[in-house]
Amino acid sequence: MPTMVIDGREVTAPPGANLIEAAKLAGIEIPHFCYHPALKVVASCRMCFVEVTQEVRGKATTRLTTACNTPAADGMVVRTDTQPVKKAQNDILEFLLINHPVDCPVCDEAGECKLQDYAFAYGTASSRFAEHKRFRHAKKLGSGIRLYTNRCILCDRCVRFLRDFVGTGELSVTDMGNGNEISVFPGKPIDNVLAGNLPEICPVGALISEDFLFKARVWNLSAVDSVCPGCSRGCATSLDVKDNEVQRTRARENQAVNGYFICDDGRYLYHVIRHETRLEHPAVREGDQLRESNWDHALDVVVSILAEFPERVVILLSPFLTQEEARAGADLSDVLRGSVLGHVPNAVQEAPVLFPGGFAIDGDKAPNSTLVKNIAPVPLQELAITKDTVVLFFNSSLRTGSVSPPDAEKLRRAGFLAVIDVLRNDITAVADVVLPGRMWAEKSGTFSNSAGMAQSFGAAVLPPPFTRDESDVIGDLTRRITTRISTGCGAKS
Amino acid sequence: MAARQNQMILDQCEIPGIRSLAVARRYGAYTALAKALTTMTPDQVVEEITRSGLQGRGGAWFGTGLKWSFMPKEPRVESFLCVNADESEPGTCKDRYLIEKNPHLLLEGVLIACYAIRASTAFIYVRGEMWEGMEVLETAIRELVTANLCGKNILGTGFTINVHVHPGAGAYICGEETALMESLEGKRGYPRNKPPFPAAYGAFGHPTTINNIGTLGYVPWIINHGADAFKGIGDPNFPGTLIYQVSGHVNRPGLYEAELTVTLRDLIDMAGGVRSGHRLKAVIPGGTSMPLLTADDLETVMSPASFAPRGSLKSGLGSAAVIVLDDTCDMVDVALNMMRFYRHESCGQCTPCREGTKWVCDMIERIHRRRARPGDLEVLEQVLVNVGDIDRFEFNKTICLFGVSFGWPLTMLIRRFRSEFEAAVAESTPAPVPLPVPASVLPAGDLRAP
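The listed protein sequences correspond, in order, to chains A and B. My numbering puts the first residue of the first sequence at 1, with every later residue one more than the last. My numbering puts the first residue of the second sequence at 1, with every later residue one more than the last.
Read the hints as simulated data drawn from the structure, not as lab findings. Ideal Cβ placement from N, Cα and C applies to all residues, glycine included. There may be inaccurate statements among the hints.
Said to hold, decoys possible - Distance condition first, Cα-Cα at most 30 Å in a straight line; then the derived DSBU-like pairs of lysine-lysine:
id: 1; chain 1: A; residue 1: K188; chain 2: A; residue 2: K215
id: 2; chain 1: B; residue 1: K35; chain 2: A; residue 2: K114
id: 3; chain 1: A; residue 1: K87; chain 2: A; residue 2: K59
id: 4; chain 1: A; residue 1: K114; chain 2: A; residue 2: K86
id: 5; chain 1: A; residue 1: K87; chain 2: B; residue 2: K194
id: 6; chain 1: B; residue 1: K101; chain 2: B; residue 2: K194
id: 7; chain 1: A; residue 1: K139; chain 2: A; residue 2: K114
id: 8; chain 1: B; residue 1: K73; chain 2: B; residue 2: K194
id: 9; chain 1: A; residue 1: K59; chain 2: B; residue 2: K194
id: 10; chain 1: A; residue 1: K24; chain 2: A; residue 2: K114
id: 11; chain 1: B; residue 1: K152; chain 2: B; residue 2: K35
id: 12; chain 1: A; residue 1: K114; chain 2: B; residue 2: K281
id: 13; chain 1: A; residue 1: K188; chain 2: B; residue 2: K187
id: 14; chain 1: A; residue 1: K40; chain 2: A; residue 2: K24
id: 15; chain 1: B; residue 1: K231; chain 2: B; residue 2: K187
id: 16; chain 1: A; residue 1: K114; chain 2: A; residue 2: K242
id: 17; chain 1: A; residue 1: K410; chain 2: A; residue 2: K387
id: 18; chain 1: B; residue 1: K194; chain 2: A; residue 2: K40
id: 19; chain 1: A; residue 1: K87; chain 2: A; residue 2: K114
id: 20; chain 1: A; residue 1: K139; chain 2: A; residue 2: K87
id: 21; chain 1: B; residue 1: K101; chain 2: A; residue 2: K140
id: 22; chain 1: A; residue 1: K59; chain 2: A; residue 2: K86
id: 23; chain 1: A; residue 1: K242; chain 2: A; residue 2: K188
id: 24; chain 1: B; residue 1: K35; chain 2: A; residue 2: K86
id: 25; chain 1: A; residue 1: K140; chain 2: A; residue 2: K87
id: 26; chain 1: B; residue 1: K281; chain 2: B; residue 2: K187
id: 27; chain 1: A; residue 1: K40; chain 2: B; residue 2: K187
id: 28; chain 1: A; residue 1: K215; chain 2: A; residue 2: K242
id: 29; chain 1: A; residue 1: K59; chain 2: A; residue 2: K140
id: 30; chain 1: B; residue 1: K35; chain 2: A; residue 2: K139
id: 31; chain 1: A; residue 1: K114; chain 2: A; residue 2: K215
id: 32; chain 1: B; residue 1: K194; chain 2: A; residue 2: K24
id: 33; chain 1: A; residue 1: K114; chain 2: A; residue 2: K40
What the hints assert, rightly or not - Counterexamples of contact, computed for chain B against chain A with all Cβ distances above 10 Å:
id: 34; residue: N193
id: 35; residue: G205
id: 36; residue: W359
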């Protein structure tokens, strides 16, 4: 464990750490563009200059060097604030800005742009450059990524990410010298499921997501820590909200799960929150038709049947429920003596993917399968469903087709089917009572991922007005049932 | 005449048919290889070269034997020899001549070097434009394989060496040793950060020694005649000879091989002197990457000893490509010509060089067109210093030495001939400051689909 002094603070860095990482431990930021902890070090932006004093052959020598490719070593004395360091950083910013369009007012990156931040912190306000700036056309690169070529500072991060981390390598640097340009090969656009990370990796506004293009200024966004419900991996995300709408999803660092990245499936999953098939009102079947109703009536219908035939009740949990909701569902089955508890396994399964950089996408496209299977071990296919059965299905599934066709067929056979769900689907179409629930971004809760790690998340946006939190609904049901059972009200004698 | 040529390398080049193995062997080729393979161990070869004091002729003057000694003695993976024949420094023309005239001299050096560093494969990276040289080398290697001097079990000694000729794609930067290896691996010719050095992590990640092809031309002579004989030639600190490539405004431009005690005046005399009716104005001593000398520096001994890193000349011997400029040269013209080359050849990997070459070139272009603005010269000088300050001997602002290859010579050129630049600025009509670039946010129709 090398121990060194950075700006007068003693730091013990883990073996193999470079000076940027070591300084970070001491709370000192060394500015950098091309360095990214998940990518190969190239030291090409030359922004991270520091002054290092070290004993070389018995003599203390001081040199200006780039921090990203200097490993932390015992006895080093590092200065990040001396005149030569500041001058070197200023020079590099001048070089980077001479051909940069400085179009921050129309750039989506403004506000979270490293070039902008560093220009304020380390640069000068005026420019000595009086030549023609380089001009390059903006390009569509594929997978919803645009390259505003003029803004590019050629840090090479995107190229290294796709080549070394993702392993697909669609991007490369073309041309030479001052004409260098990030590009795809003709007819070979970016085509991989991690492409959405590119705008985040890009330290400037060169790579821009079409999904977020001109949607919001980033300083108007409020970020809420969340967990991705897209698969059983449970990647850490940040939901960026403005006007009570999620504007975009960003990856949040979590070394235990996803590192610095998330996949595009999870990144763009937030569109489901305002999806046109969203259930927004309770509905009760009258004859052939589901009619819009109110919560009080809908719950009364459900409770009257549950309390009447508790021994015929089957309570089903889906792996899209949070830990809290699943437990509340199990509690409800305790209240209803004689009822059966089971789960409906998620039918949306894909082949798991592992990328060369270590990032993994799980095959199970539901967030909480492990825990729900623990709480309700019996799958629906082992349960008997007849026309006498009363089924209470807590679904809240974000995926179409999450209930397999045989399971759906089985549910259709039930004498009475109440579903709490978030999107219209073939189960809600045949249900007798449909209760609108809430999505992960609208409630707080906990998901246990495939490795058994429980991760909590908070609400980011307000839900549609007539939806209710699943735990709340289960609580209300429990209350109503216990009242009915204890008072004997409505029960057959 | 004070100095004469001493031809150790060039002496056989003009022998008719020396390109063919049969003729070359008649003149003693591959005797040194046989001697090394049959009577010496690899370590003894390294020891002999180290004792001879042979230094790299590519421009860095690093001890060849010392470089070889860094290679692993018991390699866990295959070791490689990379031979740098990507000769692109403006003014340099020795490698091309040697390859086309006497390939077997160089190949013998390559084979001995492979034996010494325990490499089984040699890659000769030849500049992309040198088609004839590549064909000559390919033919020579085929002859060697047929004669069992290359390939498996050479001369029955059980030693295997494969030699490959690899054409470059014509980029100057690929003459930088790590960029050369990247290019050899099929990647973009971007110089690597050092450390790790090639002896630990070279081509394809294997231990690699990289030598200039001109350096290896001396190896057979040293093995044949012994280290002491070599050490006795010329300056004992910089033994042997050097091929000076004199070009520009001299009467007989060409290659002149001499000991490293020769002065600049001797070299110009050998080349027939400055063309008649003109005075000497400046000399670029070692390719355009070396700051130029003036007519006052004629007594300089053309040896690395004269060009100490922080010495007063602030220049270097480089590849010994001596470019003579007479009084017809406009120094703004010279600067522009040099800078256009460096703007074109920067690889663009790191910021100061990528942005600096274009900026500097734009400014010199404007001064040259007499459209300079007051203060341009000062900005120009400061930008050059920001790429690499010659007074502080600062060369780590960029990954490789390309930055200082234009930063230092341009700084010194402007400093030594400042009056010409000042005159150009003074007689300029200032160019208007251009409007900012059009907004990069374009209507969707202008987006270029991939």
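Hint check results:
no., hint, in the structure
1, A/K188 - A/K215, "holds, 28 Å"
2, B/K35 - A/K114, "violated, 62 Å"
3, A/K87 - A/K59, "holds, 26 Å"
4, A/K114 - A/K86, "holds, 17 Å"
5, A/K87 - B/K194, "holds, 24 Å"
6, B/K101 - B/K194, "violated, 35 Å"
7, A/K139 - A/K114, "holds, 22 Å"
8, B/K73 - B/K194, "holds, 22 Å"
9, A/K59 - B/K194, "holds, 22 Å"
10, A/K24 - A/K114, "holds, 16 Å"
11, B/K152 - B/K35, "holds, 18 Å"
12, A/K114 - B/K281, "violated, 48 Å"
13, A/K188 - B/K187, "holds, 19 Å"
14, A/K40 - A/K24, "holds, 18 Å"
15, B/K231 - B/K187, "violated, 40 Å"
16, A/K114 - A/K242, "holds, 22 Å"
17, A/K410 - A/K387, "holds, 10 Å"
18, B/K194 - A/K40, "holds, 14 Å"
19, A/K87 - A/K114, "holds, 18 Å"
20, A/K139 - A/K87, "violated, 35 Å"
21, B/K101 - A/K140, "violated, 52 Å"
22, A/K59 - A/K86, "holds, 25 Å"
23, A/K242 - A/K188, "violated, 35 Å"
24, B/K35 - A/K86, "violated, 58 Å"
25, A/K140 - A/K87, "violated, 37 Å"
26, B/K281 - B/K187, "violated, 42 Å"
27, A/K40 - B/K187, "holds, 15 Å"
28, A/K215 - A/K242, "holds, 10 Å"
29, A/K59 - A/K140, "violated, 54 Å"
30, B/K35 - A/K139, "violated, 62 Å"
31, A/K114 - A/K215, "holds, 20 Å"
32, B/K194 - A/K24, "holds, 24 Å"
33, A/K114 - A/K40, "holds, 19 Å"
34, N193, "violated, 5 Å"
35, G205, "holds, 13 Å"
36, W359, "violated, 6 Å"
Going through the hint list in order, the structure does not satisfy hints 2, 6, 12, 15, 20, 21, 23, 24, 25, 26, 29, 30, 34 and 36.
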